[in-house]
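Here the protein sequences line up with chains A and B, keeping their order. For the first sequence, our numbering begins at 1 and goes up steadily by one. For the second sequence, our numbering begins at 538 and goes up steadily by one.
Read the hints as simulated data drawn from the structure, not as lab findings. Backbone N, C-alpha and C define an ideal beta-carbon position, used for all residues, glycine too. One thing to keep in mind: the hints can contain errors.
[Unchecked claim] Here are the computed distance ranges between Cβ atoms for each label pair:
| hint | chain 1 | residue 1 | chain 2 | residue 2 | range |
| --- | --- | --- | --- | --- | --- |
| 1 | B | Val827 | A | Gly392 | 41 to 49 angstroms |
| 2 | A | Arg374 | B | Leu571 | 43 to 51 angstroms |
| 3 | B | Ser803 | A | Pro64 | 39 to 47 angstroms |
| 4 | B | Pro832 | A | Arg101 | 51 to 59 angstroms |
| 5 | A | Arg374 | B | Ala578 | 31 to 39 angstroms |
| 6 | A | Arg101 | B | Val666 | 49 to 57 angstroms |
| 7 | A | Arg374 | B | Gly810 | 48 to 56 angstroms |
| 8 | B | Val842 | A | Thr10 | 39 to 47 angstroms |
| 9 | A | Arg113 | B | Val666 | 52 to 60 angstroms |
| 10 | A | Glu57 | B | Val666 | 47 to 55 angstroms |
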Amino acid sequence: MLTVTGLCKTFPGVRALSDVDFTARAGEVHALVGENGAGKSTLIKVLTGVYQPDAGELAYDGSPVRFATPLAAQQAGISTIYQEVNLVPLMSVARNLFLGREPRGRLGLIDFRRMHREARETLRGLGVEVDVRRPLRELGVGTQQMVALARAVAVDARVVVMDEPTSSLEPREVRTLFGVIRTLRDRGIAVVYVSHRMDELYEICDAVTVLRDGRVVHTGQLAGLERLKLVSLMLGREVGEVRAEGLTKFSGTHDAAAQPVLEATGLTVRHQLAGVSLSLRPGEVVGLGGLLGSGRSETAKAVAGALPLDDGGVVVAGVPVRPGSTAAAIRAGISLLPEDRKSEGIVPGLSVRENIALAALPGLSRFGLVDDARIDRIVDTFMKRLRIKAAGPHQKVGELSGGNQQKVLLARWLALHPKVLLLDEPTRGIDVGAKAEVQALVDELADDGLAVLLISSDPEELIEGSDRVIVLKDGAVVRELTGDEVTEDGLLRAIAAEPGRPAEPTRLAPPAATPTAAPASPPAAGPAETSAGDSDG
Amino acid sequence: MAELSFTQGTLDRARLLRLSQEYGVYAGVVVLLLFNFVFTANFASAENFRTQAVQVAPVLIVALGMALAIGTEGVDLSVGSVMALSTSLLSLYLGYGPWVATLIALVGGALIGVANGALVAFVGVQPIVATLALMVAARGLALVLLPQLKDVRDPGMAALGSGDVLGVPYLVLIAAALALLVAFAVRRTTFGRQLLAIGDSRPAARLAGLPVRRVLVVVYVCSGVLAAVAGVLATARLTASDPTSLGTLMELSAITAVVVGGTPLSGGRVRIGGTVAGAVLIQLLTTTLVKHDLPPSWTQIAQAVVIVGAVYAARERGKR
């Protein structure tokens, strides 16, 4: 139905897609999988006319096409359903369904009665019973998605692209959605399904294409492809592959003290975490593994008070931390190096000096007046110790390289003398040299008695850097690897394990056996906006 | 060779642009001063300078608070109405003496600031909407308290409005002192640093554990109090309370001064020196055109040109 061959797309500095072949067939649900940066979203955007390919052919129904705009693709019969529903929330369900093609009566006015009747019938055909006169926003997210789907089908879509449609759905809604997808498939519509959830892929999809670093590493039928094999394809690690020693700058193990400095129990955030528990001991690096969307970043944010908790709590050195406040968490000695360095980490317009001193300011001032001499001393120490390469302490942080920005952030937290350091993808997007330096630094800090939680999508970094690895899936702990089990093999197996049948019983099993749902991406700001603290020196 | 000179050219252009962003507003003030010294009769007199300074003082004081709000990627539209509210409160409580009345007027401004800040920081309303609501509310309150113009007959207020020290009017001294105070707060206090960080990257500031909500509330309280000060001073100068017209469109004059002074609307940067110069520039521009007998509509057009120029420069900065 829709075929691309030899597709290439380059962005400044990045080759997002190189020589990608992809075919969506009529009456088939085709899974598109890959880790962050693999090129999934770029491919989807090329398919739907958002991006123009640099090279390669797009063939639709056997004849070559070129979609200049998303509208052109839509008119040709390619519908996209995004994670965020793109409908008009204040209009009624029926109006949304018929937006732009309302049935007209005499005098060219909208024939509401006919519109409502047809809307009801369309939705009933998909197994959805709602009052179509109600405004869309009053419906659950799942039902809204169903309306988006119904609209896609109603406009005679022949290819439906779904980008992580289940990320904000309840299990019951997922069931309904899958029913609809099957209906679409039986009608001969080609469905492209993007998701990170193994269980869903195996339940609903017929074929699979795996992308990694902008290339197709596998394509074929899903049935018969082992879960373990699929995970190793996505992560680019072979099961049983001989591990090359010393590829990362992490040294061996650390001597961990017996008493945990941080204990988090039953962390629960609706749609994101379902009872995650973990403990960190001083001098220990604990890895947090799992696929994208398994709740790694959310766990770190929840521990650091940046996500409002629905349940559970964090205890540092025996003292409970007030939940939902980053200031309280920082006072307790928890520091988080966020995943999104550019938007959540650095303050780009301020200097290196101001960025390093930012969190420690209350301690570096008297009566609200900044003590410049002390700041200069601390900034100087850290710039030397972390080898931050900048024109000087007054250069803007936004002008530094990624690696140096990361070091500035590390310095910001180390200036606070934290007890616990949460590192979310500390080496993503930084060059090899800086990567090795950051890895060596993490080791050094653990040796100095810090408790470190390390999150990384790179299995090698995770395994070599960590003394223990906690594996998450769908927002819950599925396995904890300790001692000899801390291998890439063990990690891949734990990630690929089927639900209800973990490879081995887990010590830190969550209270809820079946997790509800996990997000695809951490919320950018949203509810976190309300949790600023109120501390000052 | 041609390529080389081309890059040289763009480099110079970029430098020129940066210089014009940093010092353009000061250069504008100097140019206007020189122009007036040469071409305007009776410009270079102490009396004229005094008049100009007294006229610019209230705008300048309001603009200081506005600069803080804009530095946090916000805006405070309620300042003009706060001036009206403060003049109403002042003449209402003048019976208790000028000091008490002034204090009450300032408290009124602070309360409006608390309301603004609470809406922005805790409820999460966009600053432009939140302060628009308070703009309407404060003006209404001012008119309820004092339905029409009322003369202010108080020797203390009269002295404040027209007295001077060594020829420099009290109004100007107070404005200068407040400008220094705010500049000091921005540069040297934790509050100032936190304000800039919040304006530049709110998520980063929050994750760094900064008291984001408290800083926002304090910023709007500062803006409210400064506007109330401007209201009291304007009342003293006019020797009358006129809640219907005092401070109308003041929010726009203040935003103009801040923007022309080089503080970007995207937050993260506060230029107090530039704001002062921006207010002076607009004042001089108006005076120049008035003194040369050009119709008021010309003044507005000239202001528009200056604003567009400043916004253009800010846009280039944002792109870098």
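- Hint by hint, which ones does the structure fall short of? Checked against the structure, the hints that fail are numbers 5, 6, 7 and 9, while the rest are satisfied.
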